[in-house]
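J.: Could you build all of it, start to finish, from the sequences and the hints given here?
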Amino acid sequence: MFPDDRTTLGRRRLAAGTLAAMLLLGAFVGLAAALPGPVRATGAVHVAAAAAPTGTITGPSSVGPTSRATYHVSASGGPAEAANGTIVGTYSYTTSIVGANTSGGAVTPPQGVLVNGSTNLTLLSPNATEPITLYVDITSSYQGTNTSTNLSYAISILQPILLVAGLKVVGPTGIKAFALDIDLDGAHVGSVSVPSLTSGQNYPISFSYLGQGLGPGWHTFTVSLAAEHGLVVFQNGQESYSSSFYISGPAPNDSLWILAGVAFFAVAVFIWVTNLARRRPKTKS
Numbered sequence: 002m003f004p005d006d007r008t009t010l011g012r013r014r015l016a017a018g019t020l021a022a023m024l025l026l027g028a029f030v031g032l033a034a035a036l037p038g039p040v041r042a043t044g045a046v047h048v049a050a051a052a053a054p055t056g057t058i059t060g061p062s063s064v065g066p067t068s069r070a071t072y073h074v075s076a077s078g079g080p081a082e083a084a085n086g087t088i089v090g091t092y093s094y095t096t097s098i099v100g101a102n103t104s105g106g107a108v109t110p111p112q113g114v115l116v117n118g119s120t121n122l123t124l125l126s127p128n129a130t131e132p133i134t135l136y137v138d139i140t141s142s143y144q145g146t147n148t149s150t151n152l153s154y155a156i157s158i159l160q161p162i163l164l165v166a167g168l169k170v171v172g173p174t175g176i177k178a179f180a181l182d183i184d185l186d187g188a189h190v191g192s193v194s195v196p197s198l199t200s201g202q203n204y205p206i207s208f209s210y211l212g213q214g215l216g217p218g219w220h221t222f223t224v225s226l227a228a229e230h231g232l233v234v235f236q237n238g239q240e241s242y243s244s245s246f247y248i249s250g251p252a253p254n255d256s257l258w259i260l261a262g263v264a265f266f267a268v269a270v271f272i273w274v275t276n277l278a279r280r281r282p283k284t285k286s
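Residue numbers (the working numbering): 2 to 286.
Just so you know, these hints were derived from the structure itself, not from any lab. Ideal Cβ placement from N, Cα and C applies to all residues, glycine included. Be aware that one or more of the hints could be misleading.
Taking CB as the label site, the calculated pair distances span [unchecked claim]:
#1 Y247 with Q112: 20 to 28 angstroms
#2 N117 with T199: 43 to 51 angstroms
#3 S119 with S244: 39 to 47 angstroms
#4 A180 with G216: 23 to 31 angstroms
#5 A83 with S157: 37 to 45 angstroms
#6 G216 with S194: 25 to 33 angstroms
#7 T221 with A83: 53 to 61 angstroms
#8 H189 with N147: 41 to 49 angstroms
#9 G105 with P217: 24 to 32 angstroms
T.: See below:
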């Protein structure tokens, strides 16, 4: 082999080796790209939405017309509460009442901030006997992040049953203030505060009861002054007083009787028509 041939062969081998190295490097790069690796963000970062707060409303479920009642509202969670339970933000609220006739009704304060996650609201009920709903919209806020929830509480406005009586002090030295217990059908349902009274003084008492849950029929209030040891009596001179009232039941359901009457009428018409057909003379052919 001549020198020129050897040079040419060497160049060809070098070129072939370079090509093989490049092919091997490309395969390695492709394999590395195909292997899993750290994911890099190529767009906007998605942050999980803050949880909405939760809360409760507690208070009387029935009130009288134009009466006042207190409701306790509490809240937790949302951006205003840190992971360890510490309140770092603010819980704000707005209130409303919804019903067929809310004229004269109001909630105070109508809006504000829950201090340490709670507050008390005062409801002035409308002058109507109807169901209403108290709504409290709570917003949990911290560093520009806000989430909200809406709480609701059903309230029945009932016409109260009124007990009225009169007291008279017969003791020579008067009597100190005391609480007069009220029983209904033998069960304690409340009391009336009687102030200090002088000898011979008359004092009217009244007790309002909503009557929720009472069944139809007669019910009786009873009041006793026996614990006052004869120092005070009712206007009739007795140490006990009772007053009865009647609650009507639901309107009778006459649908069954109406259906029975319709069925009886249909049977009667069927019998009459059948008898009439039998009595009709047959025509001769």
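J.: Holds or violated: the 41 to 49 angstroms window for the beta-carbon distance between H189 and N147?
T.: 48 angstroms, holds
J.: In this structure, is the beta-carbon distance linking N117 and T199 contained in 43 to 51 angstroms?
T.: Since N117 and T199 have Cβ atoms about 47 angstroms apart, the given range 43 to 51 angstroms holds.
J.: Is it true that S119 and S244 lie within 39 to 47 angstroms of each other by Cβ?
T.: Holds, since S119 and S244 (Cβ atoms, about 40 angstroms apart) stay within the stated range.
J.: Given a hinted range of 25 to 33 angstroms, is it respected by the beta-carbon distance of G216 and S194?
T.: 30 angstroms, holds
J.: May I ask you to test the hint 24 to 32 angstroms on the CB atoms belonging to G105 and P217?
T.: Given a distance of about 30 angstroms, which is inside 24 to 32 angstroms, the answer is holds.
J.: Do the beta carbons of A180 and G216 sit within 23 to 31 angstroms of each other?
T.: At roughly 28 angstroms between Cβ atoms, G216 and A180 fall inside 23 to 31 angstroms, so the hint holds.
J.: How does the Cβ-Cβ distance of A83 and S157 compare with 37 to 45 angstroms: does it lie in that range?
T.: The hinted range 37 to 45 angstroms holds for A83 and S157, with Cβ atoms some 39 angstroms apart.
J.: Starting from the hint 53 to 61 angstroms, judge whether the C-beta atoms of T221 and A83 obey it.
T.: 57 angstroms, holds
J.: So does Y247 sit 20 to 28 angstroms from Q112, Cβ to Cβ?
T.: 44 angstroms, violated
The structure is inconsistent with hint 1 alone, although it conforms to all the rest.
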